[in-house]
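Enquirer: In order, the protein sequence lines correspond to chains A and B. Take 1 as the starting number for the first sequence in the working numbering and just add one per residue. Take 96 as the starting number for the second sequence in the working numbering and just add one per residue.
Misleading hints may appear alongside valid ones.
As a list, the in silico DSBU-like pairs of lysine-lysine whose alpha-carbon atoms are at most 35 Å apart [said to hold, decoys possible]:
1) A:K92 with B:K443
2) B:K493 with A:K57
3) B:K443 with B:K349
4) B:K349 with B:K335
Just so you know, the hints here were simulated from the structure itself, not pulled from any lab data.
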Amino acid sequence: MSVDKDTVMRVARLARIAIPEDRVLPMAEELNRILAWVEQLNSVDTSGVEPLTSVVKMDLKRRADKVTDGGYAGDLMANAPLSEDNFFAVPKVVE
Amino acid sequence: MTDLTSLSLAEARDGIRARAFSAVELTQAHLRSMEAARALNAFITETPQHALAMAREADGRVAEGNLGALEGLPLGIKDLFCTRGVLTTAASHILHGFKPPYESTVTANLWRAGAVMLGKLNLDEFAMGSSNETSYYGPVLSPWRRRGSNVDLVPGGSSGGSAAAVAAELCLGATGTDTGGSIRQPAAVAGICGIKPTYGRVSRWGIVAFASSLDQAGPMARTVKDCAILLKAMAGHDPKDSTCANIGVPDYEKALTRDVRGLRVGIPREYRIDGTPVEIDALWARGAQWLRDAGAEIIEVSLPHTQYALAAYYIVAPAEASSNLARYDGVRFGLREAGSDITDMYEKTRAAGFGREVQRRILIGTYVLSAGYYDAYYLKAQRVRSLIKRDFEQAFEKVDVLLTPTAPGPAFGIGEKSDDPISMYLNDVFTVTVNLAGLPGMSVPAGLSAEGLPLGLQVIGRPFDEETVLRTCSFLEEAAAFKAKPEAWWRAVA
Numbered sequence: 001m002s003v004d005k006d007t008v009m010r011v012a013r014l015a016r017i018a019i020p021e022d023r024v025l026p027m028a029e030e031l032n033r034i035l036a037w038v039e040q041l042n043s044v045d046t047s048g049v050e051p052l053t054s055v056v057k058m059d060l061k062r063r064a065d066k067v068t069d070g071g072y073a074g075d076l077m078a079n080a081p082l083s084e085d086n087f088f089a090v091p092k093v094v095e
Numbered sequence: 096m097t098d099l100t101s102l103s104l105a106e107a108r109d110g111i112r113a114r115a116f117s118a119v120e121l122t123q124a125h126l127r128s129m130e131a132a133r134a135l136n137a138f139i140t141e142t143p144q145h146a147l148a149m150a151r152e153a154d155g156r157v158a159e160g161n162l163g164a165l166e167g168l169p170l171g172i173k174d175l176f177c178t179r180g181v182l183t184t185a186a187s188h189i190l191h192g193f194k195p196p197y198e199s200t201v202t203a204n205l206w207r208a209g210a211v212m213l214g215k216l217n218l219d220e221f222a223m224g225s226s227n228e229t230s231y232y233g234p235v236l237s238p239w240r241r242r243g244s245n246v247d248l249v250p251g252g253s254s255g256g257s258a259a260a261v262a263a264e265l266c267l268g269a270t271g272t273d274t275g276g277s278i279r280q281p282a283a284v285a286g287i288c289g290i291k292p293t294y295g296r297v298s299r300w301g302i303v304a305f306a307s308s309l310d311q312a313g314p315m316a317r318t319v320k321d322c323a324i325l326l327k328a329m330a331g332h333d334p335k336d337s338t339c340a341n342i343g344v345p346d347y348e349k350a351l352t353r354d355v356r357g358l359r360v361g362i363p364r365e366y367r368i369d370g371t372p373v374e375i376d377a378l379w380a381r382g383a384q385w386l387r388d389a390g391a392e393i394i395e396v397s398l399p400h401t402q403y404a405l406a407a408y409y410i411v412a413p414a415e416a417s418s419n420l421a422r423y424d425g426v427r428f429g430l431r432e433a434g435s436d437i438t439d440m441y442e443k444t445r446a447a448g449f450g451r452e453v454q455r456r457i458l459i460g461t462y463v464l465s466a467g468y469y470d471a472y473y474l475k476a477q478r479v480r481s482l483i484k485r486d487f488e489q490a491f492e493k494v495d496v497l498l499t500p501t502a503p504g505p506a507f508g509i510g511e512k513s514d515d516p517i518s519m520y521l522n523d524v525f526t527v528t529v530n531l532a533g534l535p536g537m538s539v540p541a542g543l544s545a546e547g548l549p550l551g552l553q554v555i556g557r558p559f560d561e562e563t564v565l566r567t568c569s570f571l572e573e574a575a576a577f578k579a580k581p582e583a584w585w586r587a588v589a
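Next up, chain A with everything else stripped away, as it sits in the complex (with noise of 0.2 Å):
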């Protein structure tokens, strides 16, 4: 499994990371070179293992469905690059 030029871009778009275009082939180089070394964990019998959720013996745990917190939107909005009103503003993305 190797990760060329389209790949990189790929990934990149789907992480919403804008990369130059001469910065594409030395990423996809440092990609590979990484890839390259966890590779190695194929040498590992995984067969009959089941894949680890939680580190330490726990049941998750839940409480009542209820409002706990909240009403200080101000508090909220205070670093938002933009606001209006209360709401986040983003540019337009509904023509």
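Since chain A is already given, all that's left is putting chain B on it; use the hints.
Expert: The following block gives chain B in isolation, referenced to the frame of chain A:
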């Protein structure tokens, strides 16, 4: 009066209680040493006004006789912990200007115990690194230098600012976080102590997330006792973190008996790795001998999947990071770069906001989670992780703790390893297994390299058995009698 900054946290606590000095005096002494150490770049944000206000309140409580466990003790906070109204950056440009409207559970616990915040400490960007060189705010310099040399060295990472600040006596203790070794490895190379507790011992709420199944916060300080005191204050159940365990927090200070008679100490044979410096192996053998001489039983054990841990980590951690870091989109907080449409805005914001190593890890993580590769990479790595965890479970049937080196070498020079990601990743070879298995692990300074740089030993324990880890480390600390301190060259520079 002796220099208040050279007291241990426990000594300073006792001094405040005895009213030998005030919290304001103690804080002022640390603020002076912080100001004189700017050459180290250990702090991203200094908060002297905040610190003095907290110290005055602490003195008020001392006067009333109403003291918390950390009353008036000045600490540094890794800039990965959200602090209400105080710039919190994760050492990333993407959190430009972010002042959280809330306080992390860990820091809230520390302030409730009376501690004083000196400022926010530098780190690798989003805690991704082992040398503190990936910070948007520039590298941290280690207070340590090789004997007779003035070459700048790294303080380890990702909690590099924490390690440097504690080692240079800018604060009595600091918070760290550890995803693959980020408390223990910098503690080892900076000649201080640091413990990564069991996953679930400390709340992760309000800590900027890197890899949620691996991240755990813990204390860094100059003595084992100081770490024990800080851990007790930091730990505890938190309904806001569903992975935080609802079990009691022991009085860790009481565990520091230094008594290792009958303790079964495992030496994992797979940690003898080709290319490890002779002095690291010698230090490890010396640690085992100290324990044996004091009545512990040394038992060789096998952790057969150790060699695959780093590769599994470099799938699991980037995968979780790519998901966690999806929230940085320029909409709700932090940096925003203008774009022609919303996708263009996202892409430009994230390109400008994330540094090179963070981008690399997000792309690796996105790739291994993408359609067609999930089973081959992510599930495979999680299966290997099950085997690594099982190795430890089998070893802990025979032993109470494991003894290993903390890091594969002493501090290296700034820039020496930054061109080669994999050689950088290898710094975590002895620590990363502990995160994959969710275990507690602690580094304690145990000797100096031939060039006069600190080296650490690591003790690994059973889940939620931090007490035995701390007890073993309290013994090793006494046996090693590590008293070396870096020369304060940075004061001349400032």
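Enquirer: Each hint needs a verdict: does it hold in this structure or not?
Expert: Comparing the hints with the structure gives:
no. : hint               : verdict
1   : A:K92 with B:K443  : 16 Å, holds
2   : B:K493 with A:K57  : 21 Å, holds
3   : B:K443 with B:K349 : 53 Å, violated
4   : B:K349 with B:K335 : 29 Å, holds
Hint check: a violation occurs at hint 3 only; the rest are consistent with the structure.
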